[in-house]
Structure formats: C-alpha cells, structure tokens
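Going down the list, the sequences are from chains A and B.
Numbered per my numbering, the first sequence spans residues 1 to 279.
Numbered per my numbering, the second sequence spans residues 1 to 287.
Be careful, since some hints might not be right.
Where chain A lies over chain B, by a calculated footprint (3+ residues, C-beta under 8 angstroms) [as the list claims (entries may be wrong)]:
1) 75 to 85
2) 124 to 135
3) 180 to 193
A partial selection of chain A residues facing chain B, derived with a Cβ cut-off under 8 angstroms [unchecked claim]:
4) T94
5) I164
6) Y169
7) A170
8) L171
9) A173
10) Q177
11) Q182
12) A186
13) P189
Pairwise CB distance ranges, derived in the manner of DEER restraints [unchecked claim]:
14) P86(B) / F123(A): 34 to 40 angstroms
15) N265(A) / A203(B): 36 to 42 angstroms
16) K99(B) / Y90(A): 26 to 32 angstroms
17) L23(A) / G176(B): 46 to 52 angstroms
Note that these hints are calculated values from the structure, not bench results.
Virtual Cβ for every residue (Gly too), placed ideally from N, Cα, C.
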Amino acid sequence: MSASLKGGLFRLALLFSLGVGFLILGTLLVDVFKDGLPYLDRTLLTNPPSVDPKIAGARPAIIATLYIGGLLLLFTVPIGVFTAIYLEEYADKTRWYNRLLEINIQNLAAVPSIVYGILGLAFLVRGIGLGRVLLAGAMILTLLVLPTVIIASREALRAVPDSIRQGAYALGATQWQVVSRQVLPAAIPGIATGSILALSRAIGETAPLIMIGAVTYVAFDPTILGPFTALPIQIYQFVRLPQDEFKLLAAASIIVLLGILLTLNAFAIWIRNRYRRSW
Amino acid sequence: MADEQLTTIEPMSLADIAQEQSDKSFTNREAVFEVKDLAVDYSGAIAIREVSLDVYKNSVTAFIGPSGCGKSTFIRCFNRMNDLVPGAHIHGDVLYHGKDLYAADVDPVEVRRRIGMVFQKPNPFPKSIYDNVAFGPRVLRLRGSLDERVEKGLRQAALWDEVKNRLKESALGLSGGQQQRLCIARCLAVEPDVILMDEPASALDPISTTRIEDLMHDLKREYTIVIVTHNMQQAARVADMTAFFSVDVAPDGNKRTGILVEYDRTSKIFTTPADKRTEDYVTGRFG
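Isolated chain A, as found in the complex:
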C-alpha cells in the first residue's frame, strides 16, 4: 500500500469519526428544535406547570436552575480554588496525608452522581435536617463538581512556569505574595474555564436531585430554603405526562436548558481567549 493511499485512508477515518459526532448532535438538535420551537414562547418562560398544556410553562424550574447555578459558583469556586492552591503551592508532597488527600480527590471525581444523591439525602436532608430544599440541592451538586473544579484549578496552577515563582521569590516576595500576585492571576483563565465547564455539567444533573427529593410539580417560584424542581427534572416530568403536547413542551424546555449551557460554555471560551497567555 502506498504511503499516499495510507494517508488518504487515515484522513477518511478521521472525517468519519468527526461525521459520526456531528450527525448525532445534528439529528438531536434538528429533532428537538422541530418539536420544541413552536412551544418556545413566553408561556414556557413565565408560566408555572399546569395540567393544561396550553398554559403550562417551566418558570419555577428555570428560576431554580439559575439559582442552583449561582449558588454552585459561590460555593465551588472559592473552596475549589483554595484547595487547589493548598495542594499545588503549599502541601509537602512527601507527606502521606497530602498524598492521601490527592488520591481521594481523584477518586471522588469518579464517584457516580447518584451516590452523592444518597449522601445528600442521608446527611443534608435528614442528618442536619435541612429538608428537601433548593439549598440542599445546590450543596450536593457542589460536592459533586468540587473534585472536577479542584483538578482543573490544579492543572491551571501547575501550568504556570516555575521560573515565574522563582523570579518573584528572588525579589523578596513572601509565599503568599508569590501566589496571590503572580501564580493565581496567571492561572485564572484555566481556573475559570474549568469551573464553568464543571458548572454546566452540574446544571444538567438529574439523579442526585431526584434522590434528595426535588419535587416534580412546583407551581410557585422557588426560594433558596423552599421546595424546588430543576429544569432537567421538569423535562422528565413533561415527558412522563400522557398528552402529546407535553412532549413538545419537553423539547422546548430542552432548548432552554441547551441555551443556558451554551451561554455558560461560550462565556468560558471568552474568558480563555481574553486572558490567554503564552510564555
């Protein structure tokens, strides 16, 4: 077989793989948009769910999802970034407890989300008696994505060349000054990207929220300490209802969820490009 033929076949294989991904995504989008677009209107965004598909909307779920997203950022970014800074910049890696911590965090990132749901139910909802409230949902999703945020932040910190740290130390900077004025600012694009991608994963999560008892029918605007539902659960709820119109309403809700996720991802890309650095 000639070299050029091999190269051609390889190219073909690459294009095929790319095509599979595009085709599936494309089919999904076309299907969802065909069904959902007619129902994507103000009713969906402003009305609570109802037994009548004509006036049913997903307002409480959309608001709850936005609340959860906001709380998630509030909880995960400081805890995740500080943990990452400790592990990367301060921890003595020859100590067994630091290595144990590191292995644990990597393992936690691989724990199925339903397990976090059980933890939330046992510990947050019942253990400390928080109840089946939005805050409990946000906290459990925080636990779920925290390992991902920590790992992404550590990668970003590690990507800052050691020569930058040495240069700052050599000028008489303290460790805190080196970290806060040189390393952390240089790592912000990576940290922001990782955090936002983790956030968009959490917003699409359903299992742990069902586990802690996010109710499927909420006809009022949620509060942080009240019962809630979330967009993915609302979609599931719509699909289960017998009338066909609700399936179309589900498709419309999917478009809203996709819109939120794509906005977040676009924001992540914008931050990355805005602060992109080279050494």
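Knowing the structure of chain A, use the given hints to seat chain B on it.
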C-alpha cells in the same frame, strides 16, 4: 557553544583578556560573603562539598566549571533559593557581612530582598514592562515614587530608552536580550546589595551578551556581583575573582560531587593557575 569555542580559541587570548582586568588586590577588600566548608545535598545525594571562599565588595566574582560541578547549586545558597527545593540541605556556614545567613532567626524573604538574582532563562512576569519592574518595590512596600524607581531600574539596566514609550505593553513582547535586561532592572529596582547571576547570557545572542557584560562593569561600582558562567571568555572579561569548580568522581564511578578546585584573581586563574585541573580546563584540554 562554549565548548566549540574552546577548540578554536588560543589559550593565550584568554589570558590576555584576563590581564586587561585591573590587577588590584582584592584580599584586603571587605568580604560580603564568607563561605566556610559548605556542602549541599539533595535528599542525601551530595551536589557540592568542602567549599570555602570569600566574595568581595564591589567586585565581580565568577564561578566557572564543567556541567554538573554544582556551581548553580552553590550560587543559590547565597540567597537561600535552595530552601525552595524539597529535600535540599545546606551544611557549613555562609556569612553575609559577618552574619550567618542560615541562622534560625534569619528570614529568607529578607535575605532575598538584599541579595537579588537573575536567572539563566529570562523570566519576565506575564505583565506589563512597568509592572515587572514595579513588582519588587510593591511587594516590599518601598517608600518613594514608584515611577521614579521603575525609571531608575530601567536606566541602570540600559533598557530605558528602548522601552520608555511602551511601559504599559506586555513584557513578553520584548526580545530575549531585552527581557533579560528587564529582569536585571526588576532586580535593581529593590536596591539590593548583591546581584547573583546564574548564567545570565547563556540564552542570548552575542550582541545582547556584550550589553549584559558592559552592564556588569557599570553595576559593580554600586553592587557586588556574583556570576555563574559556562563561558570562560566571559569570566575573563567581566570577573575580578574567579573560582574554578570541578566534578569529583568517586572511585566506584557512581558518586559525582562538585568541588572547588581553585579560587583566585581572574588574571591568575587564566595565566598561572596553581592547580593542574584548572590549567587543563582554561586551556581547553578538558571540559
């Protein structure tokens, strides 16, 4: 590159360059550093041992020697940069103006504020030219006008005229030689007492190298300079005192440690070295 040059250069030319250095006696000058029987190990592996020498005020002291002789390890003992390397241990004494640098009550941060360092690879911060030079004065909360400090640092490093109209631009846009002079300016802006330079010109082109060497001549009036270099001609051109380090291989051939072979006036090292190993090295028969 240095090794290639060794084969083509006449041994005498090195000596001629060194002879041009004024033959002042340095031994009656004030010693900034007194090193006594110093050894450094990394988790038990000894990198350098049995080093004793004095570094004199307002002079340029060069450390030369083959790769792996521990000269970079040694220079990092003067500003306690080895503290940042996990597993590094320093034995023996390093006295700075008579005070033990490694005494329990000495803050390494304070040491580094007085003893600046320029690294082999230019390492500007990913910030503006101004912010690079201003970083030291800012973290040390030095009094006085920041603008003046930045300008003074850049002028002393012979960079001001090239960058005065683009102080707000990223330092990463400068050429390699300019970046290295920026690192020197950054170091000068905190008004150190000593400047350590770890192969400051090895990543630079010959013109930039010349500029850095000229700079050293100017700077030694105000500062004490210690430089590690691979390039013997550079040592001969800039240094008043030169220390030759070599690698001592244990009889079993496994353990390699750096040792100080000879330390004397540069002209002496390059013309009439006392040790055969020094002579072999400076005449290009070894290394």
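Hey, does the T94(A) contact hint survive, CB to chain B under 8 angstroms?
T94(A) check passes; min Cβ-Cβ to chain B is 7 angstroms, inside 8 angstroms.
May I ask you to test the interface hint for Q177(A) with respect to chain B, counting a Cβ-Cβ separation under 8 angstroms as satisfied?
This interface hint holds because 5 angstroms falls under the 8 angstroms limit.
Hey, does the A173(A) contact hint survive, CB to chain B under 8 angstroms?
holds, 5 angstroms
Tell me whether the statement that chain A covers the segment 180 to 193 of chain B is true, taking a Cβ distance below 8 angstroms and needing three residues at minimum.
holds (count 4)
Given a hinted range of 36 to 42 angstroms, is it respected by the beta-carbon distance of N265(A) and A203(B)?
holds, 39 angstroms
Let's test the interface hint: is any C-beta of chain B closer than 8 angstroms to that of Y169(A)?
Because about 6 angstroms separates Y169(A) from the closest Cβ in chain B, which is inside the 8 angstroms limit, the hint holds.
Do the beta carbons of L23(A) and G176(B) sit within 46 to 52 angstroms of each other?
49 angstroms Cβ-Cβ, so the 46 to 52 angstroms window holds.
Quick one, is the I164(A) hint okay against chain B at 8 angstroms, beta carbons?
holds, 6 angstroms
If you look at each residue in the segment 75 to 85 of chain B, do at least three have a Cβ nearer than 8 angstroms to any Cβ of chain A?
holds (count 3)
Are at least 3 residues of the segment 124 to 135 of chain B within less than 8 angstroms of chain A when you compare beta carbons?
holds (count 4)
Mind checking the hinted window 26 to 32 angstroms against the Cβ distance between K99(B) and Y90(A)?
holds, 29 angstroms
Interface hint check: A170(A), Cβ to nearest Cβ on chain B, cutoff 8 angstroms. Holds or violated?
OK, holds: A170(A) within 8 angstroms of chain B, min 4 angstroms.
In this structure, only the earlier hint numbered 13 is contradicted, and the remaining ones agree with it.
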